[in-house]
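J.: What follows is each chain in one-letter form.
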Amino acid sequence: MTNTLHRYGDAESFSDDYIIFAIPCKGKNDEGAVDKLKTFLRICAAHKPANMGNSQFGSYKPSKSLKPTVHWNRELDADYETVIDALSKSGTVAAVFDSREKTEGCLKDVIKADLGLSVNVSASVEGAKNLGECCGLSRHSVEYSLGFTDPHDHLPNSQVLELSTMCGHGMVSFNMARKMLDMVREGRRTPDQAVTTLARFCPCGVYNPSRAKRLLEDARNHQA
Amino acid sequence: MLIDTNKCVACANCIPVCPMGAIYVDPALNRATIDQDQCVECGSCARMSGEQLNPTMVRGVRRLAKAFRFRFEPEPDVCPTSAFVVNDLEWPRIARRVFSDPLVEHKSTGIHGRGTEEVKTNDVAHRVDVGEVGYVIEFGRPGVGVRFHHIQTMTRALSKLDVHFEEKNPISHLMIDEATGDLKEDLLNEKILSAIVEIKTTIDRVPVVLDTVAEVSKQIDTVVAIGVSTRCDENGDDKELEPLLEELGYSHVRAKTNMGLGRVTNKQAGEEVSDQHATPVR
Numbered sequence: 001m002t003n004t005l006h007r008y009g010d011a012e013s014f015s016d017d018y019i020i021f022a023i024p025c026k027g028k029n030d031e032g033a034v035d036k037l038k039t040f041l042r043i044c045a046a047h048k049p050a051n052m053g054n055s056q057f058g059s060y061k062p063s064k065s066l067k068p069t070v071h072w073n074r075e076l077d078a079d080y081e082t083v084i085d086a087l088s089k090s091g092t093v094a095a096v097f098d099s100r101e102k103t104e105g106c107l108k109d110v111i112k113a114d115l116g117l118s119v120n121v122s123a124s125v126e127g128a129k130n131l132g133e134c135c136g137l138s139r140h141s142v143e144y145s146l147g148f149t150d151p152h153d154h155l156p157n158s159q160v161l162e163l164s165t166m167c168g169h170g171m172v173s174f175n176m177a178r179k180m181l182d183m184v185r186e187g188r189r190t191p192d193q194a195v196t197t198l199a200r201f202c203p204c205g206v207y208n209p210s211r212a213k214r215l216l217e218d219a220r221n222h223q224a
Numbered sequence: 001m002l003i004d005t006n007k008c009v010a011c012a013n014c015i016p017v018c019p020m021g022a023i024y025v026d027p028a029l030n031r032a033t034i035d036q037d038q039c040v041e042c043g044s045c046a047r048m049s050g051e052q053l054n055p056t057m058v059r060g061v062r063r064l065a066k067a068f069r070f071r072f073e074p075e076p077d078v079c080p081t082s083a084f085v086v087n088d089l090e091w092p093r094i095a096r097r098v099f100s101d102p103l104v105e106h107k108s109t110g111i112h113g114r115g116t117e118e119v120k121t122n123d124v125a126h127r128v129d130v131g132e133v134g135y136v137i138e139f140g141r142p143g144v145g146v147r148f149h150h151i152q153t154m155t156r157a158l159s160k161l162d163v164h165f166e167e168k169n170p171i172s173h174l175m176i177d178e179a180t181g182d183l184k185e186d187l188l189n190e191k192i193l194s195a196i197v198e199i200k201t202t203i204d205r206v207p208v209v210l211d212t213v214a215e216v217s218k219q220i221d222t223v224v225a226i227g228v229s230t231r232c233d234e235n236g237d238d239k240e241l242e243p244l245l246e247e248l249g250y251s252h253v254r255a256k257t258n259m260g261l262g263r264v265t266n267k268q269a270g271e272e273v274s275d276q277h278a279t280p281v282r
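As they're listed, the protein sequences go chains X and A. If you count the first sequence from 1, position 119 lands on 119 in my numbering, and the numbers rise without skipping. If you count the second sequence from 1, position 178 lands on 178 in my numbering, and the numbers rise without skipping.
Just so you know, the hints here were simulated from the structure itself, not pulled from any lab data. It should be emphasised that the depicted structure is a prediction, and the values quoted were computed from it without experimental measurement. Check each hint, because a few of them may be wrong.
Under the rule of at most 16 Å between Cα atoms (straight-line distance), these lysine to aspartate or glutamate pairs were calculated in the EDC-like manner [what the hints assert, rightly or not]:
{"hint": "1", "chain 1": "X", "residue 1": "K64", "chain 2": "A", "residue 2": "E51"}
{"hint": "2", "chain 1": "X", "residue 1": "K67", "chain 2": "A", "residue 2": "E75"}
{"hint": "3", "chain 1": "A", "residue 1": "K239", "chain 2": "X", "residue 2": "D150"}
{"hint": "4", "chain 1": "X", "residue 1": "K38", "chain 2": "X", "residue 2": "D114"}
{"hint": "5", "chain 1": "A", "residue 1": "K218", "chain 2": "X", "residue 2": "D150"}
{"hint": "6", "chain 1": "X", "residue 1": "K61", "chain 2": "A", "residue 2": "E75"}
{"hint": "7", "chain 1": "A", "residue 1": "K7", "chain 2": "A", "residue 2": "D37"}
{"hint": "8", "chain 1": "X", "residue 1": "K38", "chain 2": "X", "residue 2": "D77"}
{"hint": "9", "chain 1": "X", "residue 1": "K89", "chain 2": "A", "residue 2": "D237"}
{"hint": "10", "chain 1": "X", "residue 1": "K67", "chain 2": "A", "residue 2": "E51"}
{"hint": "11", "chain 1": "A", "residue 1": "K267", "chain 2": "X", "residue 2": "E101"}
{"hint": "12", "chain 1": "X", "residue 1": "K61", "chain 2": "A", "residue 2": "E51"}
{"hint": "13", "chain 1": "X", "residue 1": "K26", "chain 2": "A", "residue 2": "D26"}
{"hint": "14", "chain 1": "X", "residue 1": "K38", "chain 2": "X", "residue 2": "D109"}
{"hint": "15", "chain 1": "X", "residue 1": "K64", "chain 2": "X", "residue 2": "E81"}
{"hint": "16", "chain 1": "X", "residue 1": "K48", "chain 2": "X", "residue 2": "D77"}
{"hint": "17", "chain 1": "X", "residue 1": "K64", "chain 2": "A", "residue 2": "E75"}
{"hint": "18", "chain 1": "X", "residue 1": "K48", "chain 2": "X", "residue 2": "E126"}
Output of the computed footprint for chain A on chain X, the stretches with three or more beta carbons under 8 Å from beta carbons of chain A [what the hints assert, rightly or not]:
{"hint": "19", "region": "77-86"}
{"hint": "20", "region": "100-109"}
{"hint": "21", "region": "197-206"}
Pulled a few chain X residues facing chain A out of the computed Cβ check, cut under 8 Å [claimed, not checked]:
{"hint": "22", "residue": "F14"}
{"hint": "23", "residue": "S15"}
{"hint": "24", "residue": "V34"}
{"hint": "25", "residue": "N73"}
{"hint": "26", "residue": "R74"}
{"hint": "27", "residue": "V121"}
{"hint": "28", "residue": "H140"}
{"hint": "29", "residue": "T165"}
{"hint": "30", "residue": "M176"}
Think of the CB as a built atom: it goes at the ideal place given N, C-alpha and C, for glycine as much as any other residue.
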């Protein structure tokens with residue numbers, strides 16, 4: 001998946017957006033990978049990520065058995081333990097951090113754990129390079145996003161794009177991002193409520209609620 | 001994807017959930033309805049949170065509130081009666097689900113999402129070597145969707161450049177002839193949320209490939225996202241591709257960086273470890 005590569009924004013906009021993920025390679029190091037992936041997620045959880053996912057669901061998970069009172073007292077906290085416990089199959093697991101310091105601490109502990117899995121950082125080009133250098137790592141490979149071309153004018157404005165492209169699989173629709181922007185501007189939802197709504201649609205757990213909250217607050221405070 | 005009309009209460013909460021905008025309330029039925037041609041079977045609507053309320057009761061309450069112009073503000077991501085039904089699909093429609101639902105595994109590669117490892121495992125798989133460039137050309141995302149015939153327009157143009165199509169990629173598996181770039185014919189009108197075409201060339205061919213992609217992108221009615229990758233040198237530097245991209249005028253703010261921590265640990269694969277070089281490219 002290029003689930004995190006084409007997030008919309010400039011370099012400054014990614015200052016609170018660092019994704020670290022572990023991925024086993026089919027036929028090369030996927031035997032016994034589930035335990036290693038759980039160890040990876042436990043290390044990430046210890047460094048207080050903004051979100052985390054096990055390739056089936058993230059720490060903001062939808063529920064099918066809500067009670068009617070949910071409309072007044074919805075749970076807004078991330079649930080890391082369920083993400084780790086429910087991991088049963090080899091795949092990509094990820095955590096999102098909202099600061100360089102937390103990511104660096106996490107990466108150093110991942111290096112110490114020596115899991116043998118491929119570990120990638122998705123961030124600004126310089127952000128990831130500096131992070132590697134601080135942790136004593138030389139980059140093995142790099143994949144640059146050249147962004148997207150839209151010659152037929154399909155795409156919405158930058159605020160909607162910044163919010164929706166944080167789920168690179170496209171599960172946070174433009175219309176839902178727009179709705180949350182409107183609800184926050186109209187005072188019908190707090191930014192915290194709106195970002196957890198958006199994060200629940202991202203099954204990989206790479207949606208960054210901290211960045212989304214900042215974007216929603218900016219949109220509310222700087223509207224025309 | 002289907003909606004159980006016995007359960008749906010036409011609350012319209014699901015309408016903004018759909019990434020393709022394929023759900024609407026049919027005024028004749030007074031039920032949410034899915035435009036099956038636009039639906040890409042991504043499953044986002046079926047995964048939304050749900051209650052298990054009695055539909056008759058909910059419709060009654062809604063009618064009463066409407067009569068008094070009351071506006072109840074429910075949680076925006078909740079279906080009050082859990083009315084979505086994930087139905088079995090047959091070929092070729094099932095390709096929509098496989099390419100659009102990130103939780104469904106591509107059987108051809110054994111990977112979820114868009115079904116490819118790209119350079120995320122390059123430290124172990126050695127897909128792209130020093131001096132080579134991998135291209136990840138993605139169609140339909142964000143939020144627009146794409147039909148296979150649009151993708152075929154691109155694969156046909158790329159095949160004329162005599163590039164190497166990545167074998168472990170779901171679109172390559174649907175290609176009936178790499179020399180022409182033709183895809184399976186019965187798929188061509190199916191709409192999916194997104195797909196990735198992966199190719200590899202030597203670094204000197206970057207300008208012609210990117211020019212071709214840009215030119216073909218103008219001909220197909222969707223969005224095209226481009227990622228280009230390379231292997232760094234022993235110091236972790238990229239002294240070839242990044243300067244070339246700058247010279248060509250491409251801005252590249254964001255990247256996915258493989259930190260080089262992976263190694264072969266499977267017993268059988270370990271025996272083949274001495275032959276760890278990428279397939280040479282033209």
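J.: Would you list, in rising numerical order, the hints stated earlier that this structure does not obey?
T.: 3, 7, 8, 9, 11, 13, 15, 18, 19, 20, 23, 24 and 25
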